[in-house]
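Q: My request is simple: use the sequences and hints to build the entire structure.
Protein sequence lines correspond, in order, to chains A and B. Residues in the first sequence are numbered consecutively from 5, following the working numbering. Residues in the second sequence are numbered consecutively from 4, following the working numbering.
Below are the EDC-like pairs computed for lysine to aspartate or glutamate, each with C-alpha atoms no more than 16 Å apart in a straight line: (1) B:K459 to A:E115; (2) A:K225 to A:E285; (3) A:K35 to A:E115; (4) A:K459 to A:D369; (5) B:K383 to B:D462; (6) B:K459 to A:E168.
Keep in mind the hints are simulated off the structure, nothing from the lab. In this text the structure is predicted, and so the values were computed from the model without any measurement.
Spelled out, the chains give:
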Amino acid sequence: MLTATNILSWITFTPLIGAALILLLPGRKVKAIRGVAVLATALSLLFSLVLLSRFDNAGRGITEFQFVAQRDWIQAFSIQYYMGIDGLSLPLVILTTLLSFLCIFASFGIERWVKAYMALFLLLETGMLGVFCSLDLFLFYVFWEVMLLPMYFLIGIWGGPRREYAAIKFFLYTLLGSVLMLLGILALYFASEPHTFNLPQLILTSSQWSGNLIWVPYFWKIVFVLFFIGFAIKVPIFPFHTWLPDAHVEAPTAVSVILAGVLLKMGTYGILRVNYPLFPEAAHWFAYPFLITLGVINIVYGSLCAMAQTDLKKLVAYSSIGHMGFCLIGMAAMTSQGFHGAVLQMWNHGLITGQLFLLVGVVYDRAHHRDLDGFGGLAAAMPIYAGMVSLAFMASLGLPGLAGFVSEALCFLGAWPVFPASTALSVSGVVLGAAYFLWAFQRVFLGPLNPKYEKISEINGRELFTLAPLALLTVLIGVYPMPILNWMTATLNHLQEILGVAGRGM
Amino acid sequence: MTPFQLVKPEELAYLLPELILVGTLIWSLLLELILRPRQSRFPVAGFTLLGLLAAAVADLRLLGEPARTLFSGMIVRDDFAIIFQLLAAFAAGLVVFASIWTREVSDQPTAGQGEYYLLILGATIGMFFLVAAQNLLMLYLSMELLSLPSYLLVAWPKRSRPATEAGIKYVVYGAGASCAMIYGISLLYGLSGSLELHDLNAYVAGLSDQTALPVATFLVALLLTLAGFLFKIAAFPLFQWAPDVYQGAPTPITAFLAVGSKAAGMGALLRFLYLGLCVRGSADLFTALGGLHWPMLIAVISALTMTAGNLIALAQTNAKRLLAYSSIAHAGYILMGIPLLSVAGLTAVIFYLAVYLVMNLGAFLSVIMLENQGLPPEIKNYRGLGARSPAIAIAFSVFLFSLTGIPPLGGFIGKFYLFAALIQGRLYWLAVVGVLNSVVSLYYYANIVRRMFLEKPLDETPVPASPMLRGLLAVLALITLALGLYWIPLYQLVEFAASTLGL
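A: Dropping the structure here:
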C-alpha cells in the first residue's frame, strides 16, 4: 500500500480522513470519536516511521527530494500537487506525527464539543504535515493557511479566559505575514522562466532569470524580506512575537504543545527551505547584521521576559522565544555546526517544550491556576511529577547529557567563529535560562508544602504516557544525537554549497 | 449608405435571452392578474424562475459564437456579455428562490407578492441590456431600466419605515448620479459626435493631437460619466447610499443589489473603458488611448474604496450594514483588476465577480435564514449560534472566511488571480494595499464567527430553518469550497469570455 510516491500523501491525509470519519459520528459517542482520532494519528505516526526506515541519509536534499509525488493540479497556472522530503523536513514530519499522536491523549480532558475539537485537531495535523512536505509554493501556501482556521477555533473555543483576544490576535498576525508571503510567491512566479511555483526548479534556475526581473538589484532583497516577515511572525522573531505569549497562555494544553512544538518550527523551516536556497545573496546580506542581531535579541529579551513572569505557562512561552533565538544564530552563521544545531534545536525544542506545556497542563488541571507563587513544596505531594518537571527544566536550560545541551552547544560552536561578540552575548541566554527555570522550580516544588495542596493527586497514567516518550527521547538524544544528525547532514551540506559556504565550519 | 433600419428581423434570433425575459415579464403580469384572487405567490415566482432558467439556457446556446452587433450597433452579443448575463440570471434566480421562503417577503400583504417578482425580473432585463450595450444612450437607458425597479424593490415593504426611507435615499442619490452620467454622456456626444463606443474610441485616439481645451472638456465628461458607474457598483466616492439602503431593504433585495447590480455595473464599466478608451495590442494587453491617465484614477479609486469600506466595516454592529461595507470593500478589490489593461486583469475581475456572487449570496442567505427565525441582523443576536444551529453557523463561517480570502475557499482563488494580475501588471503598490486590506477585513468577518462559536449562547434552543433554504445554503457552501479546490472550468470560461472584449 505504501509506495515511495504515495507515502507522503498517506502521512499527510490520514488525519484528514480521520476528521471526515469523526464528522460522520454522532457527537455524543465521545469514546468512538477519541478512538478514531487516536487511530488516525497513530497511523500517521506509523507511516512516518515507515518513511524513516526507508529514508536514504545520503540524499542531497534542497533540490533533490525523496518520496516525491508530483501531479498536475491547475495546469493553466502550472500549479502542481508536489510533495517530497529531505533531511530538513524529515525530522519535522516525525516530530509532528509524534506530538500530534501524544496530544490526542492529552486532549482527553476536553469535554465540550469533543467532535469538533478532534476534527479540527486532525485538520490542523494535515495542514502542518502538508507544509513540511509540499514543494510547490502554491500548495505550500494553501497548507500554511489551512492551519490558521483550526488553530483559531482551537484557541478561541477551548482556550482560557482571554481566548477570544488571543485567537484573533494570532489569526491577524499570521495572516498579515502570509499575505506578504503570497506577494513574494507571485513575484517569484512571474520572475521565473518558464513561470512556475515548483520550488526545486525555482532554486535551480533562479540564477538564469533575467528579462522578468524588476527593480534589479533590489528584487531578491525585497522578495527575501516578504518571505522573511511571513516566517518571522511564525517563529516568532522580535518584534513580531507579541501574539505568542497570549496564544500560548490561552490555548488548551494540547494546542499549546502543537503551537510551540510544531508551528514555531515552520518559521525557521521556511527560512531554511525557501529563503536560504532561493536567495543566497540576499541571505548573506540579511544574515549579518540583521538575522544575527534579531537572534541575540530573541535570546536575551525572551529570557529576560521569561524571568519576569509569575504565570508558569507564560514563562514557558517566553522561554520559547529565547530558545528559537538559538536556532536563529545557528542559521545566521551558516556553518555546518550552526545548521546542524539549528535543525536539531527545532526538534529538541519541540520535544522539550512539548513536555513543559504538558506538565503545566497537569498541574493546571489539578490546581486550576498557574501562579508560580501560589504553590510551594509540591515535590512532597507529587514526587513523580516533580521528577518529570525537573528533567524537562534541566533539558530546557541546557544541562549536558540532555537533548537541549547538544543543539544549543552546536549553535554556539557554529556561531562563534563567525560572530564571536554576538555569540558571547547570547550565551547569557543560557545563564538566564538556568536562572528562571531553577527559580521557578524552587518556588513551585521546594520549601514547605502549601497546605492547600496536601491532597493534590499525583500525575496519572495517561499523563505519564504522553510524557514518557518525549522524556525518553530527550535523554537518548542528549547522550547520542548522531542518528538524528545523520538524517540531515547531506541536506545541510548541500544547503551550504548553494549558499557558497561549502565546508564552512567542518 | 444602406437605408436606416433599426430592427432587422433576423437579428431577433440573437436577442432570444432578452426576449424570453420580456415574454416572461408580460406573461407573469397576466398570471398575476388571473391568480390574484387565489392569493398564492408560488405561480408567479415559479414562472419567473422558469423564465430566468430559459434565458440562461438560451444564453448558453449562444456562447462561443462570433461576436455580433445588433440593431445598428446598439447592442452586441459577445461572450463577454453572455458571461455577465449568466451571472445576472444566476443572482436573480437565487434571489427569487430565496424570496419565496423569506418571511420578510412572504409576510407582506399577498396583493403585492406578484409585483415583487415582476420588479426583480424587470431589473434583470435591465442588467441583460446593460452588459450588452455598445451605445452610450442604450447604456444609459438600460442602467435606468435596472435602477427604477431597484428603487421600488428597496421600498417594497410598504409599511416598513426603514425600507421606505432606504428607497427614498436610493432614488435621490440615484437620480443625482444618473443626472451626472447623462450630462457626461451628452458632453461626450458633443465632443465625438456619436454615441457609439466605437466612434468614441476613434475620437479618443485622436485626442493626443488636440489642444488642451477638448482634452479638459473630455476629462470632465469622462468623470461625470464614471459617476454613474461608481454609484451603481458602490465605489468611492459614491458609496454612501449603500449602507442605509442595504440595511433598510428586504434582505433578498439587499443581496440582489450587492451582487447582481454590482456585477452588471462592473460589466458595463469594463465595456465602456475597454471598448471606448482602449485599443487592444499584442500579447493580450490593452493600451489606453489619447495619453489619458484614467487607469491611474481607477487604481486610486480602487484603493480608496476598499480602504474606506474595510475601515468603516470594523465599527459595524449590524450584519446587513457590515455586509454593505464589505461589499463596498469588495468593489474596491474588483476594481483592482481594471487599471491593468490586460486580459489577465479582466479575467481576474470577472472570476472574482463570479466567486463573489456565490459567497456573498451565501452570506446574505444565512442572514435571511436567521431573520426568518426571529433573529434580527444585529451581530449580537448571533451569540452562540454555533451551539444552537451548527449547520447555518458553519455555512455562514465558510462564506465569511471565503470573503476574507482564506484557502481552500473560492474567495482566496479570486483574490489570488487579482493579486497575480497586479504583480504581472507591475502595479505593486495596489497589490500591497489590497493584501493589507484583506488582513483588516479578517477582523470584522471573524467578529461574526467569534460571536457564533466563541461565545456561549444565551439560550440553547435550536434555530430551525426551512429545508429548501437549508439545501440552497449547503449548495452555495459546497460551491464555495469546490471553487477553492478545483476552479479550472470556471476560469477557462471566464478567460474565454474576457478575451473577446475590445477592439
